[in-house]
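J.: Put together the whole structure using the sequences plus the hints.
One line per chain: the protein sequences are A and B, in this order. Quick note: the first sequence uses my numbering, first residue 1, plus one each step. Quick note: the second sequence uses my numbering, first residue 1001, plus one each step.
What the hints contain is simulated information worked out from the structure, not anything from laboratory work. Yeah, the Cβ is synthetic: ideal placement off N, Cα and C, and Gly gets one too. There's no promise every hint is true.
Claimed, not checked - Per label pair, the in silico range of CB-to-CB distance:
no., chain 1, residue 1, chain 2, residue 2, range
1, A, GLY124, B, LYS1310, 26 to 34 Å
2, B, GLU1197, A, ALA179, 25 to 33 Å
3, B, ALA1147, A, LEU129, 55 to 63 Å
4, A, ILE80, B, VAL1323, 36 to 44 Å
5, B, VAL1323, A, LYS77, 36 to 44 Å
6, A, LEU129, B, ASP1319, 18 to 26 Å
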Amino acid sequence: MAQSAQPAKKSKIKGDGVWDYAFIAVALIVYAMFTAYPVLSAFIISFQEYKPLGSTYIGFDNYAATFKDDLFWRSIKNTIVYTVLTVPVALLLSFLVAIMILPLRKKLQTVFKAVYYLPVVASGVALSLVWLWIFDPMPGGIFNQFIGWFGAHNQNWLGSSATAMFSLVIMAWLSSHGASIIIYLAALLGIDDSYYEAADLDGASFLQKLWHIVIPSLKPTTLFLLVTAIIGSFQVFQNAYLMTGGGPDHATTMVGLLIFDNAFKYFEFGKAAAQSLILALIIALVSLFQFKFLGKDVDY
Amino acid sequence: MMNKGKALSLMLAATLSVSALTACGGNKNDNGASSPAASGSAAASGSASSGAKDTITALLPPVSPTYQDNFDQMEKDFNAKYPNLTLKIEPASWEDMTQKLDTQVNAGSPPDIAFIGSDGISKYVQQGMALDLTDVATPDMTGDYDAVPLEYMKNGNGLYGFPAYMEVHALGGNKQFLEEAGIDWKKVQKDGWTYDEFREAIKKGVVKSGDKTSRYGFVFATAGVASKDYLGIMAKSAGMPAAFTKDLKYAYTSKNYLELLTDLRQMIDDGSMPKELSSVDAGKRWNMFLTGQTMITGKGLATFENSAKKNNAKIDANDGSAVKDSIKVDYIVLPVPTFAGAAPVSSTVVDGYVAFRGKKEPTAEHKANIAKAAYFLSSGKVAATTNNDLFAAHITKSGREAAASMTIDRSADNVAAVETMLSHAAPARPDIPAELGAKAIKIENEVIVPKMQALLAGEIKPQDMYDAVKKAAIDAFGQDGIVQD
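T.: Shown next, in the form of structure tokens:
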């Protein structure tokens, strides 16, 4: 045959390369099934009135209803307030704890890392129950006893609009910094000792070393933690769901909780999907803003 | 300009944020989730001939303390009665029952039967997923039930399952405290009480030392969605037995509603109820009742008498598992007071076995088999055992017969009080269209519950809440769709 005389076309995948692609394929398939497909489905459902026995295409009605919904904008406002109050403080606390752990001996470092990471592996529901107990509105509640020592009257922490959001913020401040602490600690250990030695030769103080060496060196880590913390905070759901149910009078209704309610309480999956896509767009814009203004001189 | 790395990072960040929120996404019609329920339905759909083998699946929570222990026996007894049929029970906890069922329903593959409250039927009817058993429920089956609870399982002209029990929402009192306060509880059980009488009674139940209240007159669980129960139960005896009047006008815009809200706030302002009431959940108020921190509690179910007795026995036996700091309590069933001069109407809870369909229309044989299974679970020995466990009244002839040989340690006064309340139970309203019902539920969740929480916390006035509910009602039903008195 004429074709047989030509040299066979060389395959680009050969030898171990086949296995490389096989292993990549596993991750790709899992991603496609459990991430890409649900996202695509959510996009399609956002244009439908979803019914198990047959959905109806309704164009942009779900988006229009969302933009007209006062509760949606209130939930966005609550989420922004929660994010602004929790993320910077949480990052600062993680940074300070990491700085305090850094000079310790390795074994002691490990103990503290384990202690701070423990709440991350604990069940969020169990933690919420403990917090419900702490926020007990009656005079015997732990927080009420604490403020009672300073002569303050007992507070209805989760039942009053004045304190419900603040209670969730306190909960965020005082729990689950484990992952951030470990990432900060790893970054701190990665700073070359020669910087500190040079600073010592110049007679730099602790605060000068912190300001001129540590903080600039940790900027990529801080940016990473800031972006992921803001994404996580915008998606906050569990705390509001378990602690306040969004109340009182929607004072703690976050957008994640609103999406859940629309989907599973009212079966308005189309509206819930539209709201989740709008939320994703907001998160993308916020992330873009962070990269543009905070990530100018960051290499990552 | 951003480099490619940054663009990729942004894209991934956006994707991850969307994917975290897309768990709520449903499936296309042909993408049924694989579950025992789905397989049961699918297998059943294929069985065409009468007497052919069939499997009926049921998703059941722990209806009573010993209910789930009897599942194996129930399956065996059902199979002995219908040798060609298999009852496959999937247990669920109360906590994840609704979520589990809703997920299966929205995936188009629900169980054939699920145990839910009758108030949940309308949303499944609206979705087209509840299965109408009217044409397969035989007269022998329907004739076994008391008429009132059976009506609760209807929506429009359809019968979507069979009731397991009908319990009345009452209040519970501590006999010793009631008598110390000079309250003739036997008369109250028999004749009821008005709001003014109730208000004076709970004032007498308060015990204070200085600024501190060691016992309240009345504590009702109102935290979160429980505030819906509180208002709903009281509204029935305030001239609003349902969210809609008989001519289908939204009732909670009546002037009685405003008076009710004013009264509910007044009891807190009197100091008869704690000012932290909006954060008191069901567990907390029961703890307060058993530890002597309140004279009367709500909502009360008949089974609470059993719980109190069990705790009393633990105290007598010096058992460490008794509620910490609890005292012995004789539980007295009390009716809800009447408001605004209205007649007493008892709030009831009717739960039962509701039938569902999958994406495929079930065959007539499978429908008939579902009816057989739902009837089996809600009548005779199964119902007698479960209802006795719950101290709930029997609502089937076969259940009463089976229960005749069973003994139950229950106060005769409480039994009579429950019977009196059941005699003026709120009637079922299958005439309320599912669409109207869905709108009312949305107003309840988005306006009534949040505003009620704010009212109980003292952040808004009754008039503010009334105005907010009225505005939402006009938006949903129009000026002509609401009560304007």
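J.: If a hint holds in the structure, say so; if it does not, say that too.
T.: Going down the list of hints, with the structure as the test:
no.: 1; hint: A/GLY124 / B/LYS1310: 26 to 34 Å; in the structure: holds, 32 Å
no.: 2; hint: B/GLU1197 / A/ALA179: 25 to 33 Å; in the structure: violated, 59 Å
no.: 3; hint: B/ALA1147 / A/LEU129: 55 to 63 Å; in the structure: violated, 43 Å
no.: 4; hint: A/ILE80 / B/VAL1323: 36 to 44 Å; in the structure: holds, 43 Å
no.: 5; hint: B/VAL1323 / A/LYS77: 36 to 44 Å; in the structure: holds, 42 Å
no.: 6; hint: A/LEU129 / B/ASP1319: 18 to 26 Å; in the structure: holds, 24 Å
Of the numbered hints stated above, those contradicted by the structure are hints 2 and 3, listed in ascending order.
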